[in-house]
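K.L.:
Listed below, chain by chain, are the residues.
There are 2 protein chains.
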Amino acid sequence: MVLAVAAAVLCAYIAPAAAGSGIPEVKAYLNGIDAHSILAPSTLFVKIFGSIFGVAAGFVVGKEGPMVHTGACIANLLGQGGSRKYRLTWRWLRYFKNDRDRRDLITCGAAAGVAAAFRAPVGGVLFALEEAASWWRSALLWRTFFTTAVVAVVLRSFIEFCRSGRCGLFGQGGLIMFDVNSAPAAYSTRDLLAVIFLGVIGGILGSLYNYMVDKVLRTYSIINERGPLFKVLLVISISFLTSCCSYGLPWILQCIPCPAHSEEECPTIGRSGSYKNFQCPPNHYNDLASLFLTTNDDAIRSLFSSSSEKEFQISTLLVFFVAIYFLGIVTYGIAIPSGLFIPVILAGASYGRLVGTFLDPLSGLDAGLFALLGAASFLGGTMRMTVSLCVILLELTNNLLMLPLVMLVLLISKTVADSFNKGVYDQIVEMKGLPYMEAHAEPYMRNLVAGDAVSGPLITFSGVEKVGNILCALKITRHNGFPVINEPPFSEAPELCGLVLRSHLLVLLKGKKFTKQRIMTGPEIVRSFKAHEFAKPGSGKGLKLEDLDIKDDEMEMFVDLHPITNMSPYTVLESTSLAKAAVLFRGLGLRHLCVVPKTPGRPPIVGILTRHDFMPEHVLGLYPHLHSHK
Amino acid sequence: MVLAVAAAVLCAYIAPAAAGSGIPEVKAYLNGIDAHSILAPSTLFVKIFGSIFGVAAGFVVGKEGPMVHTGACIANLLGQGGSRKYRLTWRWLRYFKNDRDRRDLITCGAAAGVAAAFRAPVGGVLFALEEAASWWRSALLWRTFFTTAVVAVVLRSFIEFCRSGRCGLFGQGGLIMFDVNSAPAAYSTRDLLAVIFLGVIGGILGSLYNYMVDKVLRTYSIINERGPLFKVLLVISISFLTSCCSYGLPWILQCIPCPAHSEEECPTIGRSGSYKNFQCPPNHYNDLASLFLTTNDDAIRSLFSSSSEKEFQISTLLVFFVAIYFLGIVTYGIAIPSGLFIPVILAGASYGRLVGTFLDPLSGLDAGLFALLGAASFLGGTMRMTVSLCVILLELTNNLLMLPLVMLVLLISKTVADSFNKGVYDQIVEMKGLPYMEAHAEPYMRNLVAGDAVSGPLITFSGVEKVGNILCALKITRHNGFPVINEPPFSEAPELCGLVLRSHLLVLLKGKKFTKQRIMTGPEIVRSFKAHEFAKPGSGKGLKLEDLDIKDDEMEMFVDLHPITNMSPYTVLESTSLAKAAVLFRGLGLRHLCVVPKTPGRPPIVGILTRHDFMPEHVLGLYPHLHSHK
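If you read the protein sequences in the order shown, they are chains D and L. Each residue of the first sequence is one higher than the one before, starting from 1 at the first, in the UniProt record's numbering. Each residue of the second sequence is one higher than the one before, starting from 1 at the first, in the UniProt record's numbering.
Isolated chain D (complex conformation) (with noise of 0.2 Å):
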């Protein structure tokens, strides 16, 4: 408990950002969504010792997403040269300035986060690939590619180093952390229908943790809002909730006599070892004790262990699935940062491993490998991947052989709950509010066209701008880009020059190359700046309109805004369909997507469509009657 509590004190007071897997986070930070703390030097802190804490205090919580998050956020640290606030700044870290290089750089991170979790380096990147990133190129997959490939010769280069020992239980398993391939990987048909009836269980089971999770995840922000003593408190509930799981339900159960020629010692004596004598007379030992009372990485592998290794009484699987599968449901969602992997790899493993006991007499198929499917099928049920999870899982497992069936339960799980419901990830994503854009437009967006979607009122700079005119602008909206259109004299009719952006606004006006006349200055006044002081800042740490100081007699003057123009942005015209126009806005990964009008005669820009125009809530709100048509 007092890990427990160390947990949630740095996340409740330090970084609440923190809180759960940090998944659904760095998914919406790669869709574009620039939340701030997501990725701050705080977050990536209390994530570590957050986790480490929480791990140790055992909570039924996985390190995976954390590692995932970590990735990230030491991937934006070094992508934005370094912490300000914090005083550490290198030089030589400055070319990841614009959106597109620090979004690759944290793909990479998180790449190299599940890569180090499960120590697999290529289901590291088709992770990245599959379920992180939301737009994809293939310079990205070597960048990704090599990330990982150093992160598993660096990994492989520590194990070594620990195979004597020396780092407690570091390196386990070396670079394959639980290997089955001691059992046979023969199957017949029948067992192939009986991997098909695991496999849509599974996923009905998968889809059912999520719906809970949902809830739960509900339940629990209505107490956090309440503040931070709350989340402490629910923590420390949760947290003896988990224990007594652990110390109580072992003792429902019976004793079982030390296998006669077991490698291991039973019962087991250190802390670590798969024989738990618990409360059992000598040379006995406690099967769901074992399972409980160890670290989760040696309850995994104790449930993917051959039958002939190692046997569970049902009762014993029975007892601890259903812990593991509500236990993992009620702690995901506390202020501590949590993986959601382990859990469903746990409760997957359990619930595969009680129904390859059931069908022992069936099938020909081992129990450890009957776990291994039930994994899949938990995974594939609740977070919906498919390629990554295959690979994953046979990096984890070394099993080259159950391939076609991992495959088979992983499709078939994934198939059957997606019927119900959505994947954990974007459940949690659509939970938090995140603008997340999906890569397909919604079917009522077809009635609709450009020019429908716009709203609110636009705001235009003329090409050559009245200081004041920009200030007030800049003070009276929240708007992060603006039409820019040239007037006469300086063009024949009024016409689109480009956009502006906020953040490159403040810089000229900072800078004071202001004019007394209305005349065009030419290219030669960004001359006096320098190329970083245009790159995109670190999070949060862009000028502010406040840093700016401008005097009565400046505002009255004029500056070139020619210069910081965006010349070329992309336009649609105001009948374009919405649901092309999301394509576009999605597949290029743009910010703002300017609307111009069809017909001459009218102002030259309609206005201007960003992330939030497109989201369900801001469409049918201005168009209800679309509701039905949903």
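There may be inaccurate statements among the hints.
Chain D regions said to be covered by chain L (calculated; three or more residues, Cβ under 8 Å) [to be verified]:
(1) 383–392
(2) 488–501
(3) 609–618
In silico contact screen, one side only, chain L against chain D (beta carbon under 10 Å); selected entries [as the list claims (entries may be wrong)]:
(4) A139
(5) L192
(6) V391
(7) L403
(8) L588
Okay, the calculated bits of chain D under chain L, using three or more residues with CB under 8 Å as the criterion [as the list claims (entries may be wrong)]:
(9) 112–126
(10) 593–601
Hints listed in this document are in silico derivations from the structure and should not be mistaken for laboratory results. We put the beta carbon where it would ideally sit given N, CA and C, even for glycine.
Following the hints, position chain L against chain D.
P.N.:
Same frame as chain D, now just chain L:
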């Protein structure tokens, strides 16, 4: 030579498109190039039988590339609902009548080809992702995954069925073709240096391979252009050369006494086996003959086997490496279906084994594992893939512990080779003159705007157009898309209504829904057509202009184009940077991009950009001075 002639005759006389690997063609198709005959049923037929004859004739060619092409052809045949020409049609397969779905299906087909060829289902998915597909979306990921899962299950049941040896050599090695698990995968820092050296040299040799393949292809194309007979003669001479090498070179090497305790018979009695007697005295074998006079798969298996199982003389490896390296180069490009994977793996494995045998006194790594790494370095050096090759090699050899080293070698050889030239498939696409759109825009495009690239006369239609005008436009141009412009009285001023496709115009004209007056008939006229009439036809099977039978009095009548006009085509302003237009075009997979004017008072459309307008040849042809900026 009989088999070689059979393959060549099929290829030269029936389907010239079936020659070569097929992967570049599939890659080009998936990039959006609708070249006729790439995926035609005749190509499929020749690809299957030509590949069988070619491999059986003993050429240094693989079956992997042709299997990818075969998979894509089958997918295409299914996607267009069978072949009308050969009277094989399926009504229920009509759901793929648009570009995107058909592309998805063909991607799945390509993935299935790799999965079947290497028995590597996950490798197949990744190959399709990394090398074949130009667009990627998450639905495609699980679809290819599903396809390869089916392939894995089917393959496994065939292998199970053939276990007793009733299918000849099929199924040898089970699901894992070249198991290298017998050698221990322990390595030290010194081995790491050796591996880096291997990777660098492998990258150089790989790029040299590409360079020479390119030169040879250009030479052969001069010969092949002279007619099918010359193609066959070329095949015969290469076949003769291959035979000379296979039967001639082993004579120059020494015989080796049979190993004392071998599991295999020595010397080999039947046709398969790795201890060929050749010219040697009894109880001796010729190891070079054992590599040449066996299947490619068996040769690779021998090279990958651990040094304790089998030893090769350094002279044998050297001769075999040089022979295979050059035979592989001169064989690609002759008129037979010929994959590149097997020649590259063979050359790479013998190179790696050679290095491994040299370094044996210094390195703790087995020579068989060096052969694996050598194959990886050659594959990385020629094909420049990363994750997919890594997973394919993993699934081929079932050695997860070598993963970090394989990743390292692939990255090193790819990086080294990338500094010399392009990947072999990209090179072939370029040499064939296919208008392949790269994912990134060329640097010189940043200095141009979209309006600069528009060329040629623009032909537009009015919203309600005279039939004669349409027919005339269809006759004199080969454009596939025409802008439709609304004019008074249908709108106040001329405005862009949308884009109409040639194929849709032909269907509409064929339906003869004409009116005497210039009036809008409204959307109900399309109801008299069936949806599938407007569907994208199979390759080269759509309506032709000659199929229309328009009478003279009908020429003066009018037809309303609004119902078949795409009302929201993607547009760019004429002042948009050409680089950005290229990104838009490629990113969304367009075929036509409308360029609209920026200033009012001009026609509402400036021109249409198509794939060809973005090709370097076209742009640099218009603006030759940009050559220097290139």
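K.L.:
Going through the earlier hints one by one, which of them does the structure break, listed in rising order?
P.N.:
3
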